[in-house]
Amino acid sequence: MEKYAKMLTFRNHTALQKSCGMRHTKQKSACFAGAYRAQKAAYLLLNNLRLPFFPARTALAVDINVRHSKGICPLKLLVVDDCVRHAQSLAELLRMRGYAEVTVVTDPSAVAALHAAQDYDLILLDICMPGLDGLAVMERLQAESNGHLLPIFVVTGYGSRRNEALAAGALDVVTKPYDLNELDLRLRNALRVRTLVKDLSRRSEEHRLMALHDALTGLPNRRLLLDRIDTALHLAKRNSKHMALLYIDLDGFKEINDRLGHAAGDELLQHVARRLSHSVRQADTVGRLGGDEFVMVLSEIRSPEEASVPADKVIHTLSSAFAVGGREVGISASVGIAVYPQHGSAASDLLAHADAALYAMKISGKNGYRYAVDIAVDGKA
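Quick note: the sequence shown, position 142, residue 141 per numbering that gives the first Met the number 0, numbers continuous.
Simulated from the structure, these hints should not be mistaken for laboratory data. Take these hints with a grain of salt, some might be off.
To be verified - Here are the simulated lysine to aspartate or glutamate pairs, EDC-like style, with alpha carbons at most 16 Å apart:
| # | residue 1 | residue 2 |
| --- | --- | --- |
| 1 | 365 | 292 |
| 2 | 365 | 229 |
| 3 | 175 | 198 |
| 4 | 240 | 292 |
| 5 | 253 | 265 |
| 6 | 236 | 292 |
| 7 | 240 | 229 |
| 8 | 361 | 229 |
| 9 | 240 | 305 |
| 10 | 197 | 120 |
Could you build the full structure based on these sequences and the hints that come with them?
Take a look at the structure:
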């Protein structure tokens with residue numbers, strides 16, 4: 000390995016012979032002809048980039064191997080250069096350093112579509128290319144990024160365009176010729192930034208979901224429910240249709256919770272949430288207000304009477320026993336129904352009327368549904 004590395008440092012055939020203590024004769028020159036030709040090709044590629052030969056992998060390569068051992072998806076890199084020779088040689092060197100998934104593309108117009116499909120961790124982009132140059136590629140990517148950080152690492156032979164690349168959104172810029180050690184370090188830093196940004200984005204989405212969903216059941220919470228009700232009202236008004244709310248309360252839940260304990264009560268609520276979720280149309284929403292109270296939002300129904308069908312389904316769905324803590328637990332539900340526009344045109348009005356209808360159903364015997372027709376909102380007082 001050291002011999003080949005040494006051979007790569009010589010610029011001509013004669014220098015190679017002298018390094019090995021040989022005179023420049025035809026006979027002895029022939030002995031080196033094959034090896035020299037092979038090494039010359041590699042030398043030309045490496046010398047253009049000023050990439051020294053390294054038999055050992057760097058710490059970054061070790062980090063990449065750790066990713067594999069932990070079952071983390073391997074890093075995906077895209078090399079973009081209109082020169083096939085430069086692109087392929089750089090890709091091969093990256094693979095030698097431990098990057099398993101390196102893709103080469105010489106058509107800059109294909110980059111945006113490729114990145115949209117593959118979501119590369121880093122794109123090594125040449126900035127000076129005929130037709131669509133690197134800055135134009137970055138502009139396209141920026142337009143489709145929705146404001147997200149571009150994973151662009153610019154490679155250029157023109158140091159004067161460094162500031163242009165950074166202003167366009169590149170994470171970093173290296174100029175040719177460059178050193179492989181420097182490239183490794185810069186790549187590692189760029190990948191750290193990219194990884195941190197992706198992790199921050201993921202955590203932000205998780206927090207957003209947590210803020211809009213009930214922690215116990217995973218159903219939409221009051222905040223998201225109000226938004227879904229407003230959306231359903233908007234659609235109903237625009238399309239001259241009805242929409243309805245089903246206010247659902249479990250009968251006897253407090254007694255079950257007191258008798259079996261809070262853990263069993265929580266498990267029962269989770270089972271109820273799953274059954275309710277499976278009983279609604281894709282366009283509808285079921286959420287948890289708190290305790291044992293749930294709300295179902297029925298979007299765009301043709302008549303007020305149509306709301307009775309899902310109400311019946313809810314009562315039937317919850318009538319079968321639940322397996323809770325190794326035992327069977329039975330429970331029933333009472334449902335109050337409010338319909339737009341008969342019982343209001345705002346979420347607060349519909350919720351109040353549905354709650355009043357639910358209260359009336361509880362008073363009259365439970366395990367059934369009742370419409371909010373002719374029931375005053377303050378009738379439960």
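Status of each hint after checking the structure:
For the hint pairing residue 365 with residue 292, the CA-to-CA distance comes to about 14 Å; that is within 16 Å, so the pair holds. Distance hint between residue 365 and residue 229 is unfulfilled; the C-alpha atoms sit about 29 Å from each other, more than 16 Å. A threshold of 16 Å between alpha carbons decides the hint, and for residue 175 with residue 198 the separation of about 32 Å lies outside it, so the pair is violated. At most 16 Å may separate the alpha-carbon atoms for a hinted pair to count; residue 240 and residue 292 exceed this at roughly 27 Å.
The hinted pair formed by residue 253 and residue 265 meets the criterion: a straight-line CA distance of about 11 Å does not exceed 16 Å. Restraint check for residue 236 and residue 292: the C-alpha separation of about 27 Å exceeds 16 Å, so the hint is violated. Among the hinted pairs, residue 240 with residue 229 is consistent with the structure: their alpha-carbon atoms are about 14 Å apart, no more than 16 Å. Restraint check for residue 361 and residue 229: the C-alpha separation of about 27 Å exceeds 16 Å, so the hint is violated.
Taking the CA atoms of residue 240 and residue 305, the gap is near 12 Å; set against the 16 Å cutoff, the hint holds. Between residue 197 and residue 120, the direct Cα distance comes to roughly 9 Å. Compliance with the 16 Å bound is thereby established for this hinted pair.
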